[in-house]
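**Q** Listed below are the residues making up each chain.
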Amino acid sequence: MDYLMLLIGTVLVNNIVLVKFLGLCSFMGVSQKIDSAIGLSFATTFVLTVAAAAAWIIEFGLLKPLEIEYLRIISFILVIAATVQFTEMVIRKISPTLYQVLGIFLPLITTNCAVLGVALLNIQENYSFIQSLLAGFGTALGFTVVMVMFAGMRERLSRSQVPALFSGMPIAFITAGLLALAFMGFAGLATH
Amino acid sequence: MYKSIIINGLWTNNSSFVQLLGLCPLLAVSNTVVNGVGLGIATILVLIITNTLISALRNYIPHEIRLPIFVLLIACSVSAVEFFIKAYYYDLYMVLGIFIPLIVTNCFVIGRAEAFAIKNTVGHSIVDAISIGIGFTIAIALLAGVREIIGQGTLFANADIMFGESAKFLTITVFENYRGFLLAILPPGAFLVLGLLIAGKNWLESRAKKSIKIIPIKLVENTL
Numbered sequence: 014m015d016y017l018m019l020l021i022g023t024v025l026v027n028n029i030v031l032v033k034f035l036g037l038c039s040f041m042g043v044s045q046k047i048d049s050a051i052g053l054s055f056a057t058t059f060v061l062t063v064a065a066a067a068a069w070i071i072e073f074g075l076l077k078p079l080e081i082e083y084l085r086i087i088s089f090i091l092v093i094a095a096t097v098q099f100t101e102m103v104i105r106k107i108s109p110t111l112y113q114v115l116g117i118f119l120p121l122i123t124t125n126c127a128v129l130g131v132a133l134l135n136i137q138e139n140y141s142f143i144q145s146l147l148a149g150f151g152t153a154l155g156f157t158v159v160m161v162m163f164a165g166m167r168e169r170l171s172r173s174q175v176p177a178l179f180s181g182m183p184i185a186f187i188t189a190g191l192l193a194l195a196f197m198g199f200a201g202l203a204t205h
Numbered sequence: 460m461y462k463s464i465i466i467n468g469l470w471t472n473n474s475s476f477v478q479l480l481g482l483c484p485l486l487a488v489s490n491t492v493v494n495g496v497g498l499g500i501a502t503i504l505v506l507i508i509t510n511t512l513i514s515a516l517r518n519y520i521p522h523e524i525r526l527p528i529f530v531l532l533i534a535c536s537v538s539a540v541e542f543f544i545k546a547y548y549y550d551l552y553m554v555l556g557i558f559i560p561l562i563v564t565n566c567f568v569i570g571r572a573e574a575f576a577i578k579n580t581v582g583h584s585i586v587d588a589i590s591i592g593i594g595f596t597i598a599i600a601l602l603a604g605v606r607e608i609i610g611q612g613t614l615f616a617n618a619d620i621m622f623g624e625s626a627k628f629l630t631i632t633v634f635e636n637y638r639g640f641l642l643a644i645l646p647p648g649a650f651l652v653l654g655l656l657i658a659g660k661n662w663l664e665s666r667a668k669k670s671i672k673i674i675p676i677k678l679v680e681n682t683l
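Chains as they are written, first to last, in our numbering: chain Z, 14 to 205; chain W, 460 to 683.
Heads up, a few of these hints could be off.
[Unchecked claim] So these bits of chain Z aren't anywhere near chain W, every CB distance computed over 10 angstroms:
(1) I21
(2) V43
(3) I47
(4) T58
(5) A67
(6) L76
(7) L79
(8) E80
(9) F99
(10) I107
(11) P109
(12) T110
(13) L134
(14) M166
(15) F179
[To be verified] Distance condition first, Cα-Cα at most 30 angstroms in a straight line; then the derived BS3-like pairs of lysine-lysine:
(16) W:K660 to Z:K46
(17) W:K660 to Z:K77
(18) Z:K46 to Z:K106
(19) W:K545 to W:K668
(20) W:K545 to W:K462
(21) W:K462 to W:K668
To be clear, the hints were calculated from the coordinates, so they are not data collected in a lab. Just so it is clear, CB atoms sit at the ideal spot from N, CA and C, and this is done for glycine as well.
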C-alpha cells in the first residue's frame, strides 16, 4: 500500500514538471509534436529509472562507506552520463528502428534536470532501494503523462488564432499554468 | 566588443526571456525575491568560474570530448559554490535546497561554455559570464517580485537570510493587512506570470519598432 501511495504521489500529486518544476527544458522544448514528445518520454523513463537505482547504489555502496559525500554531484552526473551512453548502445544493438526514433533525444537527457533532481531527492528523502526505484519510475511516468498531454494541447494551439503578442512561448506558458492549476486538484490524494 | 557582449547577455539574448534556457530554477525558486536573487548570485559565481576555466583551457581541450569535460568542470565548480553557501549562508542553503546542485544541469551554463567560452579570450568570457548571469538574476528577480507582491503583498521578505540582520529594513510591506493571493505563490502562478512577462517583453519590443508587426495567421490545410 505504501508503495502504491508513493507511485500515485510521484505521478500525480508531486508531478515532477508541474509541481516540482524539474525537466522544464525538455517539457517546453520538445512538446511541439506528440510523436517526438512520446519518443523523448520513453527514453527519459528508461534513463530516469536506471539512474535513480544506480545513484542509490553509488550513494550507499561507495560515497557513504568511504565518507566522500562531497563528491556526490560529480559522481551522480557521471553515473547519469554513463547510463545515457549505455542506453544508447543497448538500444542501437537491440532495435535499430527504436534507435532511429529515440536516438536524437538521448543526448538531451543528460542535461534534463529531472534525472539528477530525482537522484538527489531520493537521497534527501532517505528512500530504500525499492522506494528509490519506484520513485524514479513514478516520476518518469508523471513526466510522460504531462508531456503527452501538453504536446497534444500545443498541436491544437498551433492551429488556432492567438493574439500576436502571445503567440509562441507566452501562450505555451499560460497553457502550462492552467494545466498546473488542474494538477493542483490532485493535492491530498496521497500523503507522500 | 564588451558593450555588445553586455547588451547581448542582458537583453537581446536574455537566457530566461528569449532563449528560454534554465527554466527550472527560474520558475521554481521565484516565490520570493530574496530566494531568486540568492540563486541568481550562486549561478553568476558558477558561470564566472566555468567560463574562466574553459576559456583558459580552450587550446588544451580536445574537440571530440569537450562536452564531458565541460560537465565535469561545471560539476566541480557547482560543488565548490555549494560548500561556500553551506558554510556561510546556511539559511539560504536550506531554502534553495536541491536547486544549488541542479545548477549543473542548468542548460545555459553549458550553453555559454559551448557557444562562447571555448572560442573567446578569458577577459571576454568573464564579461559574458557576468552579463548572462545578471540577465538571469534580473529575470528571476522580476518574476519573483511580481509573484511576491501579488501572492504575499511584500517585497524582499526574509532579506536577513542573505544579507544578515542589518538588512531587515529592506523588507517592504506593499499592501497592509493583505490576505495573500495563493495562486501566485503556487506553481501555476509561476507559469502564468512568466507567460505574461514574455508577452510584455514582446510588447515593449514591438512598440520600440514603432510598427506593430502583424504576425500572419498560419493557415493549415488540413483543418476541419
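**Q** Test the statement that Z:A67 is away from the interface with chain W: the closest C-beta pair must be farther apart than 10 angstroms.
**A** holds (16 angstroms)
**Q** Please check whether the beta-carbon of Z:L79 is more than 10 angstroms away from every beta-carbon in chain W.
**A** Z:L79 is indeed farther than 10 angstroms from all Cβ atoms of chain W, at 16 angstroms.
**Q** Since Z:I107 was said not to touch the interface, does its Cβ keep a gap of more than 10 angstroms from each Cβ of chain W?
**A** Fine: 25 angstroms to the nearest Cβ keeps Z:I107 off the interface.
**Q** Take a quick look at Z:T58 and tell me if its Cβ sits farther than 10 angstroms from every Cβ on chain W, holds or violated.
**A** holds (18 angstroms)
**Q** Could you grab the alpha-carbon distance between W:K660 and Z:K46 and see if it respects the 30 angstroms cut-off?
**A** Judged against 30 angstroms, a Cα distance of about 26 angstroms means the pair holds.
**Q** Beyond 10 angstroms from chain W, beta-carbon-wise, is Z:F99?
**A** The claim holds: Z:F99 sits with its nearest Cβ about 14 angstroms from chain W, beyond 10 angstroms.
**Q** Does the claim that Z:E80 lies outside the interface with chain W hold up, using a Cβ gap greater than 10 angstroms?
**A** Per Cβ check, Z:E80 is outside 10 angstroms of chain W; nearest 15 angstroms; holds.
**Q** Beyond 10 angstroms from chain W, beta-carbon-wise, is Z:V43?
**A** holds (12 angstroms)
**Q** Is the claim that Z:F179 lies outside the interface with chain W correct, judged by CB distances over 10 angstroms?
**A** violated (5 angstroms)
**Q** Taking the shortest Cβ-to-Cβ distance between Z:I21 and chain W, state whether it exceeds 10 angstroms.
**A** holds (18 angstroms)
**Q** Going straight from one Cα to the other, do Z:K46 and Z:K106 come out at no more than 30 angstroms?
**A** Distance ~27 angstroms between Z:K46 and Z:K106 Cα, so the pair holds.
**Q** Z:L134 clear of chain W by more than 10 angstroms, beta carbon to beta carbon?
**A** violated (6 angstroms)
Of the numbered hints stated above, those contradicted by the structure are hints 13, 15, 17, 19, 20, listed in ascending order.
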